[in-house]
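Residue numbers (our numbering), protein chains in the order written: chain A, 1 to 357; chain B, 1 to 273.
Simulated from the structure, these hints should not be mistaken for laboratory data.
Glycine included, every Cβ here is placed at the ideal spot set by N, Cα and C.
Please note: incorrect hints may appear among the correct ones.
[What the hints assert, rightly or not] Which residues of chain B face chain A? A few of them, derived with a C-beta cut under 10 Å, are:
hint: 1; residue: E165
hint: 2; residue: R180
hint: 3; residue: A187
[What the hints assert, rightly or not] Reference excerpt, derived from the structure (chain B facing chain A, CB under 8 Å, subset only):
hint: 4; residue: E162
hint: 5; residue: A166
hint: 6; residue: D170
hint: 7; residue: P184
hint: 8; residue: L185
Chain by chain, the residues run as shown.
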Amino acid sequence: MDDLRGEAISKVFPGGARALEQVSFRARAGQVLTLLGPSGCGKSTLLRIVAGLEEATSGRLFLGERPFDGVPTGQRDVGFVFQNYALYPHLSVEDNLSLGLRARGRPRAETAARVRRTAELLGIGALLQRRPGQLSGGQQQRVALGRALVREPRLYLLDEPLSNLDALLRESMRSELKLLFRRLNATVLYVTHDQAEAMSLSDEVLLLDDGRVRQCAPPQELYARPADLFVATFVGSPRMNTWLGECAEGGLQLRGLRLDVPAGPTRRPRLWVGLRPEDVEVRPTPFEGAREALVELAEPLGDRVLLTLRVGGESLRALTPPGARSERLWARLPPERLHWFDGQSGARLDPRPTQAV
Amino acid sequence: MRRVGLALATALLAAWSLAPVAWQLLTAVKPDAQITRTPTVYLPDPPTSRHVTALLARKPMAVYLANSLAVSAVATTLAVGVAALAAAALSRSAAASRDRALLGLLLLALFPPILLLFPLYEGVRALGWVNHLPGLALPYAALNLPLAVWILESGFRQIPRELDEAARLDGLGWLARLARVQAPLAAPSLVTAAILVFIFCWNEFMLALTFMTRDSHKTVTAGIASIGGASIYEIPWGQLSAAVLLATAPLVLLVLVFERRIAGGLTRGAVKG
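Let's have the full structure, built from the sequences with the hints guiding it.
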């Protein structure tokens with residue numbers, strides 16, 4: 001198996017709308033690369049370009065060392081799962097699965113065997129004679145997946161495959177997909193706007209916004225070291241607290257709040273600082289480094305409570321264990337957990353621990 | 001109140017449409033003397049089968065009907081087949097160029113066929129197709145192409161684009177996609193187009209009368225026109241009515257058989273909405 005590479009892919013639609021700008025990526029063989037981003041960021045367009053359903057305005061695709069963009073759509077040998085499934089409504093599940101094999105002239109016995117194997121793998125063996133209209137959403141989803149799997153393609157492309165399922169089913173299918181991808185050792189491009197899906201399924205995440213790559217990294221790094229302010233606020237739920245302030249004399253002045261700015265490249269005149277709600281330390285009594293915080297809102301999430309606090313003049317959201325609370329709490333913003341971003345560009349600024357403060 | 005109004009309107013419309021047919025039916029079984037008598041005799045007394053037997057003895061009605069069937073079937077197959085190719089392409093074209101093409105077809109359809117009669121006749125004669133099936137079937141197919149393209153294009157356009165893309169990724173070429181995905185899904189449109197084209201071909205008179213001069217090749221409309229009386233002062237109303245009924249019956253049957261397909265749903269269960 002080979003890696004799939006995209007080099008500087010741009011797409012401008014006939015109307016002049018720019019969907020992708022200079023996007024490069026590498027989907028490693030046997031790994032899951034997720035294209036993540038808000039709707040309209042170009043992630044589906046990129047997937048469709050890889051499938052051959054759209055043509056890139058410029059840029060190249062390679063599978064291994066061979067160019068992939070010249071290969072006709074029908075010969076790219078990709079398994080594609082559509083967001084709305086796109087099952088053939090007039091064909092039985094069995095025929096939906098086998099049409100691609102029959103179109104490629106595979107022997108009848110081999111086709112039947114593969115269809116049976118795939119159906120059993122996905123637990124739809126009993127539904128083979130039904131039509132898509134007679135299936136539930138979850139079953140249709142499995143058939144759509146089966147249609148991609150049955151051909152044993154060299155590349156799997158999934159376009160928001162779980163977005164039409166209800167929350168419960170989505171979660172169980174997510175785990176199932178992960179197991180399935182691992183079992184098949186499949187090379188997968190997976191499009192989603194759901195960061196939980198991206199985090200749990202991916203080996204690597206390509207985060208797109210407005211047609212540009214914001215960051216390409218394994219999920220954990222995306223979370224721990226977001227490349228810019230957009231990534232920081234897009235990844236993680238509830239979203240990261242961010243404040244913009246003026247930097248003076250080694251401190252960042254916020255409304256009624258001053259934070260020490262570490263030395264090094266972080267010393268810029270204007271800075272964004274971010275802190276994830278789960279990183280805020282909250283206690284009922286004063287402790288070292290803590291500031292007084294007034295509770296404005298408490299949203300119980302079951303295992304934890306999401307508090308909206310007022311610290312100085314700034315609003316701060318914090319995740320805390322459930323339990324009795326007063327109106328007044330004490331919150332600490334651990335300096336080692338703060339993320340720093342340039343006030344203008346929003347790019348991540350890493351303090352250098354070697355330079356003493 | 002609204003229901004009563006609707007029922008009344010339906011009854012009126014049905015009466016308006018069916019009255020001529022009923023009149024033909026009554027005339028076909030009325031003795032000659034009662035057909036032309038004033039005041040009008042509405043119900044035949046007694047009903048007679050004389051006209052039918054006389055008609056069948058004089059004219060090869062079975063041959064006319066068979067000719068009509070052959071010409072109409074060939075023309076319909078051609079028209080719908082070619083229109084399906086055009087419609088499949090048009091339904092996936094950019095809106096602007098698609099609309100231009102459809103408008104062009106509409107203009108062609110509005111062109112009065114009588115202006116085509118003489119050029120067509122010259123063409124058909126030059127090809128030696130006078131009194132031959134293609135002489136009628138080809139012009140019929142061509143004249144009906146715009147209508148068929150319009151009907152099929154709107155049918156194909158309702159098929160979700162993803163289905164077409166799924167078929168492309170499944171490795172189906174354009175012809176396989178048309179045959180295995182688009183045509184089955186647009187079956188109601190196909191049936192509608194086929195029936196309308198077939199009816200037009202079946203009813204066509206002007207070209208049939210001009211191009212088919214031999215009795216053995218006449219279609220049923222031209223055949224009926226050749227039914228005359230013993231003298232030019234005598235019109236065999238009874239036989240004409242019987243012939244018209246014979247010519248109409250197959251069409252009525254055809255529509256009844258396919259009525260459900262026409263009204264049938266389109267793309268249920270294709271994609272999740």
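Consistency of the hints with the structure:
no., hint, verdict
1, E165, "holds (5 Å)"
2, R180, "holds (7 Å)"
3, A187, "holds (8 Å)"
4, E162, "holds (4 Å)"
5, A166, "holds (4 Å)"
6, D170, "holds (4 Å)"
7, P184, "holds (5 Å)"
8, L185, "holds (6 Å)"
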